[in-house]
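**Q** With these hints in hand, go ahead and build the complete structure from the sequences.
Chain by chain, the residues:
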Amino acid sequence: MGTFPRHRLAAVALAAAGALLVTSGCGGSDDAGDGDITLTVDVFGQLGYEQLYREYEDANPGVKIVERGTGGNLDEYSPKLTQWLAAGKGAGDIVAIEEGLMVEYKANPDNFVNLLDHGAAELKGNFLEWKWNQGLTADGQKLIGLGTDVGGMAMCYRTDLFEKAGLPTDRDEVSKLWPTWPDYIATGEKFKAANTGASFLDAATNTFNTIVLQTAGNAQGYHYYDTSNNLVVDSNPAVKQAWDTTMRIINAGLSGKYGSWSEEWVSAFKQAKFATIACPAWMTGVIEGNAGPEAKGKWDIARVPGDGGNWGGTHLAVPTQSKHQAEAIKLAKFLTSPQGQIGAFKAKGPLPSSPQALDDPAIAEATNPYFSDAPIGTIFAAGAKTLKPVYMGPKNQAVRTEVENAVRTVELGQRTPDQGWQDAIANAKKAAAK
Amino acid sequence: MALQLDARPPATPGPRDTRLRRAGRLSRIDAKYSPYLYIAPFFLVFAVFGAWPLAYTLWVSLHDWDLLGSNPTFIGADNYTQLLADSDFWHSVVNTLGIFVISTVPQLLLALWLANMLNRQLRFRTGWRMAVLVPNVTSTAAVAIVFGVLFGREFGMINWLLDLVSVDPIGWKSNRFASWVAISAMVDWRWTGYNALIFLAAMQAIPRDLYEAAAIDGANRARQFWTITVPLLKPTIIFCVIISTIGGLQLFTEPRLFHSGTNPIRGGTLRESQTVTMYMFENAFAPYYNFGYGSAVAWLLFALIAIVAAINVLIIRRLGAGAKPDTGRKGGSR
Chain D
1 MGTFPRHRLA AVALAAAGAL LVTSGCGGSD DAGDGDITLT VDVFGQLGYE QLYREYEDAN
61 PGVKIVERGT GGNLDEYSPK LTQWLAAGKG AGDIVAIEEG LMVEYKANPD NFVNLLDHGA
121 AELKGNFLEW KWNQGLTADG QKLIGLGTDV GGMAMCYRTD LFEKAGLPTD RDEVSKLWPT
181 WPDYIATGEK FKAANTGASF LDAATNTFNT IVLQTAGNAQ GYHYYDTSNN LVVDSNPAVK
241 QAWDTTMRII NAGLSGKYGS WSEEWVSAFK QAKFATIACP AWMTGVIEGN AGPEAKGKWD
301 IARVPGDGGN WGGTHLAVPT QSKHQAEAIK LAKFLTSPQG QIGAFKAKGP LPSSPQALDD
361 PAIAEATNPY FSDAPIGTIF AAGAKTLKPV YMGPKNQAVR TEVENAVRTV ELGQRTPDQG
421 WQDAIANAKK AAAK
Chain C
1001 MALQLDARPP ATPGPRDTRL RRAGRLSRID AKYSPYLYIA PFFLVFAVFG AWPLAYTLWV
1061 SLHDWDLLGS NPTFIGADNY TQLLADSDFW HSVVNTLGIF VISTVPQLLL ALWLANMLNR
1121 QLRFRTGWRM AVLVPNVTST AAVAIVFGVL FGREFGMINW LLDLVSVDPI GWKSNRFASW
1181 VAISAMVDWR WTGYNALIFL AAMQAIPRDL YEAAAIDGAN RARQFWTITV PLLKPTIIFC
1241 VIISTIGGLQ LFTEPRLFHS GTNPIRGGTL RESQTVTMYM FENAFAPYYN FGYGSAVAWL
1301 LFALIAIVAA INVLIIRRLG AGAKPDTGRK GGSR
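Those protein sequences? They're chains D and C, same order as listed.
According to the working numbering, the stretch in the first sequence is residues 1 to 434, in order.
According to the working numbering, the stretch in the second sequence is residues 1001 to 1334, in order.
Hints in this document: simulated from the structure, not taken from any laboratory.
Every value quoted in this text rests on a predicted model; they were computed, and no experiment measured them.
Any given hint might turn out to be false.
What the hints assert, rightly or not - Listed below are several chain D residues computed to face chain C (Cβ distance under 7 Å; list not exhaustive): (1) 79; (2) 108; (3) 263; (4) 267; (5) 397; (6) 398; (7) 401; (8) 405; (9) 408; (10) 414.
We treat Cβ as the ideally placed atom computed from N, Cα and C, and that holds for glycine.
**A** Structure, rendered in structure tokens:
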């Protein structure tokens, strides 16, 4: 070090200073908006945008898109998003918001750009009416999210296990096995009697959520909260009815008790440990990811017992903290356009929330090779336009967690059905009050 | 020269004198205050990353503060009174203490024993000593995920082994005590070696002649261990106990990642292994986003750690007091 020539040291210092100048120069031009910009999109699960990003980048030179959180689960994503919003820093330029959490985020609309100020009003016709309204604040003055997908319902099943149990494997015949949930349970009992070594379904919580959304959608259109945001877990007959049906499923011993989204659940997919799973459109991508390529062609899709229903669905919002709001809004509009929704559907299966997209032949004729070439377009899109949505109240996510958790305690034998129901009500009330 | 000197009044020494005096004053100031300057960086960093968050958390805990909401309302000690009556909070306190006891006691005893073994003449001594630290180098998240799989209900290796010896499978995640044991196992796997090395370092500082004298007096190895090694290790043991207390009561990653699936922050359907830090997270962040309530949990956790640490120190001081009074004082002065 001592022998290091002084002039060389000076040269290094100069070079470093020069580099600093150059980088700060770059930063400046970035802010001014005339250089390349990077748009970050925060998602959970599989929204299927990869191809669309490339198209957009080609059409808009100077824009680079990075997606974060692909494949992650909602329980990990939503606290992060909330922290970013609370801190005023860290969120992407576009963020995905799941419908169950929408009401919570809408309560503080200032965190998001009001898309109505940016010409979104004319896009209203591109979305199913209820989907559009979900993104709108209670007073109808602000639109914080543009709809992506809806969660039309079906029942996915493993043909190899059905064959082993001596049940029909053709999707139309399977659909005929269970017009109603009691029929589904009866089929399950037959399946169980055949001793295939697998359970009939994955976890009672998933089935419960399907049933409750379906019964509520067909009845008053709300489940845990009524439309005036009163907690009605204990008084809403739709919830109790779904609970009782689920208890029958548990009592019949049909559940494999693989806690949904847990590592065991994923292993159970891999090892073919259950034969059916309640299957909103977006679930097809999850099944494919969990069961892996070796199960290709062993899954198929039948209609869901009961009538219709919707589980899940997402909106895209632009946080006010984004430095590139204008570009982000443009991208969000592109991704949620009918064409964008069709592209996403083809890639990962989330069902469009745009009537134009649902009518598009690209959807109507779509089949999924992983699911034995099931015509996913007709299966899911058929019910989507007449779909009866369920209203989600302010603490929907927390309340839902408590009720499903109570289902799980019964499933694991930690509580009797009656105790479980009492727990569900008490804990839901506690959660709503927090 | 002389003339010149004479011609001038003795003024030259004057400024020199004041300069000297000034230098003296400077050096006194230097000696007096610069140590503060030298330690200032730590306290500045602590103020920013330690004291300020602490005070801010206290401030937040006095509010009804929705994480996303824009105007929190001051509610005084309401969060605390509500929390003290919250059965789920106390449940998490019991879990935390339970896991703490089940993990720390065997861990420190095992570490002591390991250190004692490593202190002997062994082949490949350095190798063994390094090997015990290896688990500590692995990432906590990786450890927790692997253990979470090992302790799986249906596909876990532990239950498979139990099955080989015809023991019924254990619901490691849905049985409260079993989940404590499983989590303690992963804490111990990770931290035993670390504590053993600290003990070992302290053991090597014990003068050999004490053992020689004891051996001449006819004390066997066990006797030497309990009457020489352990009492002289007391300050180190207190250190390890306090560090383990702080770590044990703040346990988060292991129990959090032990559970997977929906809402793992609950630590099992009936909160079987939800620790206080997990309860804090559940309230401050998902799914409740009640920042004020979560902050109140954080402050009560702080109080809990202070109490448990004080009890620990008392117990250990009492234990050692009989064996060797001098070191008792030494331990107390730390």
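**Q** Are the hints correct? Go through all of them and say.
**A** Do the hints match the structure? See the list:
With its C-beta approaching chain C no nearer than about 4 Å, residue 79 (chain D) sits inside the 7 Å limit, and its interface hint holds. For the restraint placing residue 108 (chain D) at the interface with chain C, the shortest Cβ-Cβ distance is roughly 5 Å, inside the 7 Å limit, so the hint holds. A hinted interface residue such as residue 263 (chain D) counts as satisfied when its beta carbon comes closer than 7 Å to some beta carbon of chain C; here the least separation is about 5 Å, so the hint holds. Restraint check, residue 267 (chain D) versus chain C: the minimum CB separation of about 5 Å is within 7 Å; hint holds.
With a least beta-carbon distance of about 5 Å to chain C, the hint placing residue 397 (chain D) at the interface is held under the 7 Å criterion. A distance limit of 7 Å between C-beta atoms decides the matter here; for residue 398 (chain D) the minimum to chain C is near 4 Å, and the interface restraint holds. Taking 7 Å as the C-beta contact cut-off toward chain C, the hint placing residue 401 (chain D) at the interface holds, the least distance being around 5 Å. The criterion of a C-beta within 7 Å of any C-beta in chain C is met by residue 405 (chain D), whose closest approach is roughly 5 Å, and the hint holds.
At a threshold of 7 Å, the smallest CB-CB gap from residue 408 (chain D) to chain C is about 5 Å, leaving the interface hint in force. Satisfaction of the interface hint for residue 414 (chain D) is found here, the shortest Cβ-Cβ separation to chain C being roughly 6 Å, below the 7 Å cut-off.
Hint check: no violations occur; every hint is consistent with the structure.
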